[in-house]
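Undergrad: Whole structure, please, built from the sequences with the hints as guidance.
Protein chains in written order, with my numbering: chain A, 817 to 971; chain B, 44 to 816; chain C, 117 to 449.
No wet-lab data here; the hints were simulated from the structure.
Incorrect hints may have been included.
Said to hold, decoys possible - No farther apart than 30 Å at their CA atoms in a straight line, the calculated lysine-lysine pairs in the DSS-like style are these:
# : chain 1 : residue 1 : chain 2 : residue 2
1 : B       : Lys684    : B       : Lys798
2 : B       : Lys798    : C       : Lys423
3 : C       : Lys423    : C       : Lys264
4 : C       : Lys423    : B       : Lys814
5 : B       : Lys684    : A       : Lys908
What you are looking at is a predicted structure, and each value in this text was computed from that prediction instead of being measured.
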Amino acid sequence: MAERRELSFRLNGHPRTVPCADERLLLDLLREDLEMTGTKRGCDLGTCGCCAVLIDGRPSLSCLTLARRIEGREITTIEGLTPPSGLSPLQKAFVAAGATQCGFCTPGFIVAASALLAATPHPTREQVVAALGGNLCRCTGYTKIIEAVQAAGSP
Amino acid sequence: MAVPEPPRRLLGGRIPYIDGPLKVTGRAEYTDDLRRPGQLVGRILRSPYAHARILSIDTAAAERMPGVHAVLVGSDYPIPFGVLPITHDETALAVGKTRYIGDMVAAVAADSEGTAEEALRAIRVEVERLPEHLDPDAGTRPVAEPIHARGLNGTNVQKEVLQHFGDVDRAFREAAVSVAVHGNYAGVTHAFTEPLVTLAEATPDGRLTVWSATQVPHYLHRSLSEVLGVPMHRIRVIKPEVGGGFGGKSDPLPHEIVCAALALRTGRAVKILCDREDVFLTNHGRHPTRNEVRIAAAADGTLLAYDIDAVIDGGAWSSFGVVTTYYNGVLSMGPYRVPNFRYRGRRVYTNKPPSGAMRAHGGTNLRYSIEVALDELAERLRIDPFDLRSHNALPPNSTTVNGFRITSTSFRACLAAARERSGWDAKFRKLPFGRGVGLGCGFYISGSNSPIHFTPKMPQCTVHLKADMDGGIAVHSMQADIGQGSNTLLAAIVAEVLGVDLERVHVVRVDSDISPVDIGSYSSRVTFMMGNAARRAAEALRALLLRAARDLTGYPVEQLRMGHECVEVAHRPEIRVGFLEVLHKAMERTGALQTSGAYTSPPMGGTHKGARAGTAPAYSFAAYVAEVEVDAETGQYRAEKIWAAFDCGRALNRLAVEGQIEGSIHMGLGQFVGEAMTYRGPRLLNPSLLEYKIPMPGQMPEVEVLLVGDDDPEGPFGAKEAGEGPLIATLPALGNALYDAIGVRFLDLPVTPEKVLRGLDRRRAEGRSWKGG
Amino acid sequence: MHLDPFTLHRPTSLQEAIDRAGALAGRCDFLAGGTDLLPNYKMHLNLRPHLIDLGGVPELSGFGEGRIGAMVRLADLEADPRFARDYPGVVEAIRSVATPLVRAGASVGGNLLVETRCFFFNQSRLWRESLGYCLKAEGDRCHVVPQKERCYATFSGDLAPALLVLGATAEIAGPGGIRRVPLAELYDAQGDGIHRTRLQPGEILVAVHLPPAARGARASYRKLRIRPSFDFPEVGIAAALFGTPDRIERLALAAGGLESYPRLFPELTEAVAGGALEPAVLDRLAAGVQRSVRPVHNTSLEAAYRKRMAGVFARRALAALADPPAPAPGAAP
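TA: Take a look at the structure:
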């Protein structure tokens with residue numbers, strides 16, 4: 817393994833400094849080094865969206881992000897999108913709509929949808945579909961996921 | 044005096060999944076989220092040869108590497124296994140031969156991924172290449188070097204089924220009309236989002252604990268014991284959350300056994316996490332299939348006979364293949380009455396990734412050919428496709444010619460609902476060229492009546508309940524929630540029977556040390572079998588509570604019933620005792636209350652060879668209408684809407700049933716429009732989620748779910764399955780809609796835009812117009 | 117899937133990046149967004165021991181006044197209402213790239229220089245070993261068109277055609293200083309799936325420039341793919357009209373997703389200058405594109421189909437020019 821140097825960034829609002837090798841990916845840093853397992857490893861090649869996190873507020877693929885490139889940035893994971901007690905309105909909408917089945921893709925969908933709602937509080941169906949275009953779900957046919965995001969975004 | 048049951052509080056409504064809050068927060072624990080102290084990384088060397096004799100494997104260099112703790116090869120654990128006890132032809136690692144590109148040859152456990160991969164690259168395998176068998180048709184004849192010694196008579200045929208009921212030849216002679224279709228179906232795979240992953244730990248007390256992403260913890264438990272030679276009681280199998288299965292985790296898989304073997308060898312914990320290509324190569328997806336379906340009918344549309352032939356590409360191993368071979372014929376026996384039936388099915392080994400069970404196993408490709416043939420038949424006879432199907436519908440409480448017992452069926456109600464809601468009569472053959480509607484129907488087992496293992500004799504599902512002084516009710520069962528919501532249903536059934544709030548009921552994670560056996564999530568059996576077992580367990584607990592309430596209230600048990608969080612006097616509900624008080628009374632002498640419920644399916648089916656295949660305590664029925672729009676210039680098309688009328692008996696959790704139907708339609712759509720395991724020679728060309736084309740949100744049609752089932756007499760609270768049957772009707776509805784849109788039949792799946800365009804070209808070249816187009 | 121170890125260099129100026137590349141000649145790759153490079157690294161495709169991260173090079177960032185820095189993220193461009201108004205065809209192309217999650221990381225320069233793709237190349241080590249490695253990685257033969265000379269991997273960027281038709285130029289920096297060339301000359305028409313650009317060793321694509329005439333020009337992009345997201349183009353056709361549909365001053369057509377490099381069709385479009393964008397012209401141009409392109413079967417869809425669709429999509433891209441320029445679909449309200 818290459819030399820591990822210090823990496824400093826903010827994780828869910830808190831400053832973190834960890835040793836990190838050059839070739840380390842953000843997904844591995846989160847799941848293996850920091851034991852933040854809410855972010856899922858689905859395909860590891862950028863084609864399922866299970867590993868999405870927010871980097872400076874933008875939904876991004878942690879499996880294709882070198883950890884070193886998050887130096888000084890703000891990372892928000894599914895853990896950071898969850899209130900200390902209870903659920904966010906978006907999470908509540910997912911539960912109420914039955915938008916989870918196996919749940920493995922769910923954190924990625926929540927991450928992508930939360931960014932959409934932050935930018936566009938009341939999205940149209942087309943906007944939801946476009947924003948979730950990088951998240952793959954094999955269980956639901958997306959129907960209830962789209963419903964949930966729209967419900968969370970309804971005025 | 045019978046006490047009338049109060050109206051149901053939960054069942055029949057929309058019950059949010061009890062694990063939803065864990066899943067939306069990323070707190071649900073999947074196998075790869077677990078970590079044990081000192082855990083090692085397991086990695087598997089896969090064969091780059093489709094068919095080769097292994098001459099030698101040199102692992103010395105790998106074993107010498109610092110950080111490598113164990114290296115295994117096939118001869119270390121040569122005992123064969125497989126999901127069906129009659130066809131054990133897999134080994135944990137290849138013994139003697141490799142049978143497809145991706146076959147597992149050796150394994151290592153090491154300190155890190157990097158070291159493990161380096162060690163794999165240091166293993167030297169010397170082989171002699173053998174002829175590759177890729178074409179299942181060719182494999183039906185004797186070949187020089189069959190893939191398995193067990194192939195029939197020197198061929199690669201793994202299983203042949205011949206069945207004949209009635210007199211098919213005579214029926215065809217006497218028929219007014221007959222149609223024949225030849226279907227060709229590419230293999231498709233489950234592509235669950237959670238990759239295959241297993242964690243195993245050997246501990247100094249002589250025990251082995253295995254956490255695995257599996258649908259069949261019990262079968263895994265048995266296979267581990269058989270191959271590793273460790274008694275079952277020293278192995279503990281735990282099923283964490285599973286990120287989707289669809290049949291792809293319903294075999295005990297070799298990497299699971301290899302992982303456990305590495306743990307035994309190292310005395311430590313080892314995790315094997317498959318990458319996406321590994322998952323595609325492990326496969327066990329829907330069989331590539333070629334079938335011929337001939338149908339004979341009378342002039343009024345009465346079906347007289349089916350004559351079916353199927354050649355099924357099994358890939359390297361048997362897996363569920365014996366079942367597959369039967370299902371590809373016998374699942375034609377509903378939803379219509381067919382008095383004469385003949386079937387020849389052959390499943391052939393090839394040097395490709397093994398095929399296995401995938402959602403609506405054995406019923407999907409067969410059904411497509413039948414439903415397209417019926418569409419053709421209706422056109423020939425100038426009968427509306429709905430009328431043709433309604434005319435031939437199996438009635439409730441009937442028996443099929445091959446001995447299936449049909450109890451409840453609301454198939455006619457499905458037809459009526461789909462016809463009305465879709466506006467069929469105003470659309471069929473009346474929409475402009477390029478737009479069309481099609482009808483496809485479905486029929487599926489609600490739980491295989493046969494367990495896979497017959498020894499020891501035991502129920503197919505057992506549920507245990509424990510209620511202690513804390514007032515919580517713990518539910519134990521090895522039923523495997525893989526995302527379909529069975530934990531939620533299990534809790535809801537218990538809560539319903541006991542009148543308590545859902546949050547009192549805790550479904551305990553599947554753990555073979557604690558959970559009584561259920562044989563797993565496959566064959567659409569869980570709602571039916573687990574539901575009945577859970578109901579019985581809860582009723583037993585209720586009986587204990589009512590007895591205690593009798594002691595508290597002085598009213599006889601016959602006059603008491605469960606109210607909401609209490610026991611009440613049926614005719615004077617103002618007299619009640621709170622749940623906790625009753626519970627505490629009931630456990631005064633025994634301590635925690637413990638009850639058990641079990642389900643064993645009743646005897647059924649004929650006595651001919653293979654008579655059990657396809658028998659089920661109930662069947663689901665479906666009638667779907669799809670509406671499609673075709674771009675005649677590009678051959679691209681879009682499913683605009685699907686009206687999905689489904690008979691799952693009583694829908695106990697409408698949210699979950701809708702979810703199963705919507706998800707099934709998505710998966711059926713995928714197989715129809717573009718998903719395919721594409722090969723060049725023995726090589727899978729698209730082992731990735733980029734190149735294996737699972738539909739995206741923008742491709743999903745609007746879905747209107749129409750639940751029209753009457754209560755099933757034996758299902759729990761009247762319920763039947765809704766997990767697999769809903770997929771089947773999707774494909775023929777789309778195929779027949781394409782025909783209505785452009786006048787071209789498609790029998791080669793997936794129906795890619797190239798094929799649509801070729802079909803349009805052919806029609807144009809032949810000068811045949813269609814609806815003016 | 118972990119990455120094999122490499123050393124990551126993070127230069128903070130263009131000169132430093134050039135110097136570093138010079139010192140590591142042949143042993144380094146540039147890292148832009150990483151959304152294409154890192155999957156290829158995970159598949160062990162042409163690994164280098166050094167990566168030079170261009171994310172900290174200020175000269176490569178920012179856009180405005182017709183200049184787009186090579187490290188500008190696709191998501192930033194598509195989210196900018198002014199850019200969408202000025203260059204609707206480019207934004208149409210951007211929105212068709214992969215997925216929103218990919219576009220959050222992917223850069224303009226990375227998309228222009230995206231690695232060519234082929235079913236026989238974009239595979240794991242096991243897969244490639246099983247068939248025998250190919251020309252493009254570790255081997256000496258092509259499995260698509262069996263011979264040992266030329267690689268037929270397909271250029272699969274969406275942005276290049278959309279920028280080509282607008283007359284974009286490429287700003288390139290290297291040991292010899294900075295040069296500007298027409299974007300078309302960034303690509304090597306004499307090359308193949310391996311030697312696909314005319315960048316010299318150590319040269320960096322700094323930015324692309326759009327001429328003033330490109331702003332507000334009628335432009336469109338039509339992409340053939342199997343799914344509405346994720347998929348690389350099986351055909352990607354861009355068109356731009358300078359002038360009006362009644363009187364064409366200049367018309368441009370470009371194609372990607374079909375051959376080893378994206379290209380314009382001047383031999384077809386120059387002939388229609390001065391005329392009107394009428395159906396017969398559309399048909400002629402579409403037929404010309406279809407005749408001219410030479411796809412091979414190394415992607416999901418059949419080569420003959422892609423060739424035919426090149427014509428259909430060319431006609432559709434051109435037909436879209438007859439409509440008044442509109443903000444790209446999906447633009448923020």
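Undergrad: For lysine 684 of chain B and lysine 908 of chain A, compute the direct alpha-carbon distance and say whether it is at most 30 Å.
TA: With Cα atoms ~28 Å apart, lysine 684 of chain B and lysine 908 of chain A stay inside 30 Å; holds.
Undergrad: Taking only the CA atoms, is the gap from lysine 684 of chain B to lysine 798 of chain B under or equal to 30 Å?
TA: 22 Å, holds
Undergrad: Within a Cα-Cα threshold of 30 Å, do lysine 423 of chain C and lysine 814 of chain B meet the stated pairing?
TA: 29 Å, holds
Undergrad: Verify the proposed pairing of lysine 798 of chain B with lysine 423 of chain C, using a straight-line Cα cut of 30 Å.
TA: OK: lysine 798 of chain B and lysine 423 of chain C at ~15 Å, within 30 Å.
Undergrad: For lysine 423 of chain C and lysine 264 of chain C, compute the direct alpha-carbon distance and say whether it is at most 30 Å.
TA: 25 Å, holds
Hint check: no violations occur; every hint is consistent with the structure.
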